[in-house]
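K.L.:
Sequence:
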Amino acid sequence: MKIIVAAAVLALFVVGCEKKEEPKTAYPFPQGTVQSFDEVKMMQEAVEKDPGNVDGWIHLGNALMDSSRFGGAIEAYRKALELDPDNVNVRVDMGICYRNTGRSAVAVDEFRKSIEIDPDHLNAHKNLAIVLAYDMGEYSEAVKEFEKAVELAPDAPDAERIKLEIKRLKSLEAKK
1 MKIIVAAAVL
11 ALFVVGCEKK
21 EEPKTAYPFP
31 QGTVQSFDEV
41 KMMQEAVEKD
51 PGNVDGWIHL
61 GNALMDSSRF
71 GGAIEAYRKA
81 LELDPDNVNV
91 RVDMGICYRN
101 TGRSAVAVDE
111 FRKSIEIDPD
121 HLNAHKNLAI
131 VLAYDMGEYS
141 EAVKEFEKAV
151 ELAPDAPDAE
161 RIKLEIKRLK
171 SLEAKK
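Take 1 as the starting number for the sequence shown in our numbering and just add one per residue.
A hint or two may mislead.
[Unchecked claim] Below are the DSS-like pairs computed for lysine-lysine, each with C-alpha atoms no more than 25 Å apart in a straight line:
| hint | residue 1 | residue 2 |
| --- | --- | --- |
| 1 | LYS144 | LYS167 |
| 2 | LYS144 | LYS113 |
| 3 | LYS148 | LYS113 |
| 4 | LYS175 | LYS144 |
| 5 | LYS176 | LYS163 |
| 6 | LYS170 | LYS144 |
| 7 | LYS148 | LYS175 |
| 8 | LYS163 | LYS175 |
| 9 | LYS148 | LYS170 |
| 10 | LYS167 | LYS148 |
| 11 | LYS79 | LYS49 |
| 12 | LYS79 | LYS113 |
| 13 | LYS144 | LYS163 |
| 14 | LYS144 | LYS176 |
| 15 | LYS175 | LYS113 |
| 16 | LYS148 | LYS163 |
| 17 | LYS176 | LYS148 |
[Unchecked claim] Label-pair distances were calculated between CB atoms; the ranges are:
| hint | residue 1 | residue 2 | range |
| --- | --- | --- | --- |
| 18 | GLU116 | GLY71 | 18 to 28 Å |
| 19 | SER140 | PRO51 | 20 to 30 Å |
| 20 | ASP38 | TYR134 | 19 to 29 Å |
| 21 | ARG161 | THR101 | 23 to 33 Å |
| 22 | PRO157 | PRO51 | 30 to 40 Å |
| 23 | PRO154 | TYR134 | 19 to 29 Å |
| 24 | PRO154 | PHE37 | 27 to 37 Å |
| 25 | SER171 | ASP38 | 24 to 34 Å |
Hint data in this document are derived by calculation from the structure and do not stem from the laboratory. Predicted model only: the values in this text are computed from it and were never measured. Where a beta carbon is used, it is the ideal one built from N, C-alpha and C, also for glycine.
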């Protein structure tokens, strides 16, 4: 009996110590919000090794944007757009980064390019409206973009708030 128990324990020990090979992803980027400099550094190293990896550049740009490193995010998004110039989501995110670095006119250009590629891109319209209204004082143009956003998503959680903002911007335009 002792031999059987000893054999079973030994078998469990050997099986437990076997190195299990986990499936490897080509680009092991952290999921969710990046919390550390090391995670960003890992992403930077990955795209240096494989500069043709559009997803790698996007993940890096997102991580840098999430950590308010907008200049670095812009560079990563530029690399992603060199590889995939019609990626509207990346272009919109890059526009947001431009706005956050005080380059509103460049942000407007990126949002408009996004809308040329995808005329129904909700976030491109919203972000364009925000920059036009609050950074440039172009209320009537902002109203058009906000109206398009409401048209695209009339039941969106922020639709009522946008409608109120449209009214406010129209009154500001009337005072000009």
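K.L.:
Work down the list of hints and note, for each, if the structure agrees.
P.N.:
Hint-by-hint comparison with the structure:
no. : hint                        : verdict
1   : LYS144 / LYS167             : holds (12 Å)
2   : LYS144 / LYS113             : holds (17 Å)
3   : LYS148 / LYS113             : holds (16 Å)
4   : LYS175 / LYS144             : holds (18 Å)
5   : LYS176 / LYS163             : holds (20 Å)
6   : LYS170 / LYS144             : holds (10 Å)
7   : LYS148 / LYS175             : holds (23 Å)
8   : LYS163 / LYS175             : holds (19 Å)
9   : LYS148 / LYS170             : holds (15 Å)
10  : LYS167 / LYS148             : holds (14 Å)
11  : LYS79 / LYS49               : holds (14 Å)
12  : LYS79 / LYS113              : holds (17 Å)
13  : LYS144 / LYS163             : holds (11 Å)
14  : LYS144 / LYS176             : holds (17 Å)
15  : LYS175 / LYS113             : violated (31 Å)
16  : LYS148 / LYS163             : holds (11 Å)
17  : LYS176 / LYS148             : holds (23 Å)
18  : GLU116 / GLY71: 18 to 28 Å  : holds (25 Å)
19  : SER140 / PRO51: 20 to 30 Å  : violated (43 Å)
20  : ASP38 / TYR134: 19 to 29 Å  : violated (36 Å)
21  : ARG161 / THR101: 23 to 33 Å : holds (26 Å)
22  : PRO157 / PRO51: 30 to 40 Å  : holds (39 Å)
23  : PRO154 / TYR134: 19 to 29 Å : holds (23 Å)
24  : PRO154 / PHE37: 27 to 37 Å  : violated (43 Å)
25  : SER171 / ASP38: 24 to 34 Å  : violated (50 Å)
Checked against the numbered hints given earlier, the structure breaks hints 15, 19, 20, 24, 25 and satisfies all the rest.
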